[in-house]
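Each protein sequence line maps, in turn, to chains G and W.
Residue numbering for the first sequence follows the working numbering, starting at 8 and increasing by one per position.
Residue numbering for the second sequence follows the working numbering, starting at 545 and increasing by one per position.
Treat the hints as calculated values from the structure; they're not laboratory data.
Nothing false has been slipped in among the hints.
To give a feel for the contact side, a few chain G residues facing chain W, derived at Cβ under 10 Å:
(1) Gln45
(2) Arg50
(3) Phe104
(4) Gly107
All residues carry an ideal CB built from backbone N, CA and C; glycine is no exception.
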Amino acid sequence: AQRVTQPEKLLSVFKGAPVELKCNYSYSGSPELFWYVQYSRQRLQLLLRHISRESIKGFTADLNKGETSFHLKKPFAQEEDSAMYYCALSGYYGQNFVFGPGTRLSVLP
Amino acid sequence: NAGVTQTPKFRVLKTGQSMTLLCAQDMNHEYMYWYRQDPGMGLRLIHYSVGEGTTAKGEVPDGYNVSRLKKQNFLLGLESAAPSQTSVYFCASTGSRANNVLTFGAGSRLTVL
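Between the sequences and the hints, there should be enough to build the whole structure, so can you do that?
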């Protein structure tokens with residue numbers, strides 16, 4: 008069964024501190040992994056995907072197939088990073104995207 | 545280029561009433577999806593469509609019906625609304641297997657009394 012778990016509902020860090028949002032998945036095959044973000048009063052939007060191997064807004068995520076994880080990291084959190092973050096996976100043909108329950112990141116001044 | 549447009553943005557229904565949510569995209573995307581967003585549950589897939597005239601059930605399809613008569617439109621219907629269907633509904637689309645990134649609508653907040 009396809010499943011995405013995000014163990015933290017809420018994560019609070021101080022500005023300038025490192026942040027890591029955890030994501031684990033279960034999937035029989037080779038999925039594509041994503042992080043989507045929803046800022047206050049804005050639409051859900053793609054933050055990054057594992058196949059592009061990019062760093063977006065200072066965030067990176069590495070796919071660990073052995074641990075079936077795709078944790079999102081940023082070395083120095085900023086207040087504008089406060090948002091709801093969703094980890095998601097998609098099968099190869101992209102016909103179904105499965106989302107985790109989300110983690111609300113709050114960056115304190 | 546509007547992207548994905550959802551109407552209405554807000555709606556209040558009484559139990560047993562029916563309504564239709566409209567999702568329209570102007571990106572010529574093949575795949576379209578309806579999700580519901582509930583606190584602590586993330587986004588759960590209701591129904592999806594891989595092309596005009598085709599639909600399929602997602603994780604939580606009960607109580608909902610969909611239609612994709614035109615490629616650009618994906619309608620979500622509630623025939624007899626229940627309080628458990630109070631939620632925020634998101635439509636999303638993606639262009640192809642090669643461009644596997646979802647574009648989301650702004651959401652529709654539905655309250656069933």
